[in-house]
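Once you have looked at the hints, place chain B on chain A.
For reference, the chains in residue letters:
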Amino acid sequence: MYEGPVQDLIDELGRLPGIGPKSAQRIAFHLLAAEPADVTRLQEVLQRVKEGVRFCDVCGNVSEEERCRICRDARRDPTVVCVVEEPKDVLAVERTREFKGRYHVLGGALDPLSGVGPDQLRIRELLARIGSEDVREVILATDPNTEGEATATYLVRMLRDFPGLSVTRLASGLPMGGDLEFADELTLGRALSGRRAV
Amino acid sequence: MYVRHLQVTDFRSWAHADVAFEPGPSVLVGANGQGKTNLVEALGYVATLGSHRVATDAPLVRHGASRAIVRTAVVNAGRELLVELEVTPGRSNRARVNRAPVPRPRDVLGILRTVLFAPEDLALVRGDPGERRGFLDELLVLRAPRFAGVRGDYERVLKQRSALLKSAGVARRAGRRGGEGTGEAGDIRTLDVWDGHLARHGAELLAARLDLVADLAPHVGAAYAGVAPESRPASIAYRSSLGGALPEGYGQPGGPRADVATLEAALLDELGRVRPQELERGVCLVGPHRDELDLVLGEAPAKGYASHGESWSFALALRLGSFELLRADGAEPVLVLDDVFAELDRRRRRSLAGVALGAEQVLVTAAVPEDVPEELVGARYEVRDGEVRRV
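Chains as they are written, first to last, in full-length UniProt numbering: chain A, 1 to 198; chain B, 1 to 391.
These are computed hints drawn from the structure, not numbers from a lab. Please note: incorrect hints may appear among the correct ones.
To give an idea of the interface, some chain A residues facing chain B are shown, with a C-beta separation under 8 Å as derived from the structure [as the list claims (entries may be wrong)]:
(1) Ser63
(2) Gly108
(3) Asp111
(4) Pro112
(5) Gly115
(6) Pro118
(7) Glu149
(8) Ala150
(9) Tyr154
Just so it is clear, CB atoms sit at the ideal spot from N, CA and C, and this is done for glycine as well.
Bound conformation, chain A alone (with noise of 0.2 Å):
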């Protein structure tokens, strides 16, 4: 235990995801030992983050004004909705240059045992889009893990009630430049029963 504020900043780090009590030492020590000048530009950043930065209105992605870049982007094709669980879903569909369309952020995945539950996600906020805007196909890009699957497929039922609009989930199976034989045996099971005619 060091005394006072060190052992406090040192707390502080440690609860941060992915730091572990090591690093939370390390970095405070970092801290301890750098000008003052980096150590208030990192405490104004983190200042700002907290204040300036908020939740698009729309979609629920990180923005700076009421509405995100996306959403107020007239050329992004408002039919197609990718629905992820995260902000950082967002930057990794848009990093693929694929994607026209916009996006609705749920802020996470149905997973009972952390207490997240439907009324915990930004679902209401995605069928409301749906009900008002023109959205004619929604693509389910969860996480293809249990949680992720399980909020995919109680998306699906909640929305197979609005007429003429489609739903799709991401494709799961090989990775690009890979080996088949190096593929597990689920990855592979999935391709191959997700396989499509050519």
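Just chain B now, with coordinates in the frame of chain A:
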């Protein structure tokens, strides 16, 4: 298949050990506490990524060391593969095959197959149903490594669904007392989703277990008759939480192969039927996690009715049956008999030796060399003072 070479570093009591093996029988002899079992445990770890003695990895690392390394050369049909595992408690293990790293340690499953019989196996007969489910699942993974993933998925869904049942039950009781029942509505809507996923993964696991029991039962019966010819006949049967909803003949030798889609539908039906009870109790009442492998001697269940010797013979028959099954599948596993001869009478020792001699390789540990039947004395190793010496 046989193990040609085993090297361990900081594994259990061993700072370092290096042993060369040959096909056929090998006997490790040493006084209690010299580390014989630790060596065969290391082989079991390479085969199953688990220990037959402890549930976590921490005790596998020598006290004071930060990680343990197991390195073994396995010869299968003339082809040699070198498997290296680094066990670091609290972190994921790392694995290499022929000196090349593999992405996930479970990729080494299937390279070495062992069937290990140890004193702990008495719990298969006398212990909780969980022991027997674990036995089936472990064998399932040995037959098809894919099931490690299926079982993992099932357990994950089961945990999530159980958490949901608990919170829904609490919300329901709160609602009944006149409180705001908002939480319950959300929980019930998602329960259907989790039911679907539980049924899908559960059906896959259940079908595999049923087929396994159908294939294994004749081998276990024969093995028991071989080990204890004077005793009542032994049989095994899978008892599903589906009860009467399980299609006729599933899980029985010569019966139809289990169909995953049929079982999925049956599980879904049953989940719908017991839902009120599940909400009441907050536990998941249907699924392969509530199933049991019945062990029967004559007409009576082995648990509670079998004598000590009969229990031992039954546990042994389960292992030998597994061995014969894997063999019939075409993969000759390495047979490991850890400290078991001391518990058997002369006749049982002999019949066990008879089976063991048929294996491509059998590794035996014993504290007293006289306990091991003469037929099995092939290569002999002395384990003493932190050293393994061929004698």
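Q) Does the nearest C-beta of chain B fall within a distance shorter than 8 Å of the C-beta of glycine 115 of chain A? A) The hint holds - glycine 115 of chain A has a Cβ within 8 Å of chain B, the shortest such distance being about 7 Å.
Q | Hint check, proline 112 of chain A versus chain B [nearest Cβ-Cβ separation less than 8 Å] | A | 4 Å, holds
(Q) A closest beta-carbon separation below 8 Å is what the hint needs, so does glycine 108 of chain A meet it against chain B? (A) 13 Å, violated
Q: Grab the minimum C-beta distance from proline 118 of chain A to chain B and call the hint holds if it beats 8 Å, violated otherwise.
A: Holds: closest Cβ of chain B sits about 5 Å from proline 118 of chain A, inside 8 Å.
Q: May I ask you to test the interface hint for alanine 150 of chain A with respect to chain B, counting a Cβ-Cβ separation under 8 Å as satisfied?
A: For alanine 150 of chain A, the interface hint holds, since the closest Cβ of chain B sits about 5 Å away, which is under 8 Å.
Q. Regarding the hint that aspartate 111 of chain A lies at the interface with chain B, is the smallest CB-CB distance below 8 Å?
A. 7 Å, holds
Q: Let me know if the C-beta of serine 63 of chain A comes in closer than 8 Å to any C-beta of chain B, holds or violated.
A: 27 Å, violated
Q: With chain B as the partner, please determine if tyrosine 154 of chain A meets the hint condition of a C-beta pair closer than 8 Å.
A: Holds, because the Cβ-Cβ distance from tyrosine 154 of chain A to chain B comes to roughly 4 Å (cut-off 8 Å).
Q: Verify the interface restraint on glutamate 149 of chain A: the C-beta must sit less than 8 Å from at least one C-beta of chain B.
A: The hint holds - glutamate 149 of chain A has a Cβ within 8 Å of chain B, the shortest such distance being about 7 Å.
This entry does not satisfy hints 1, 2, going by the numbered hints stated previously.
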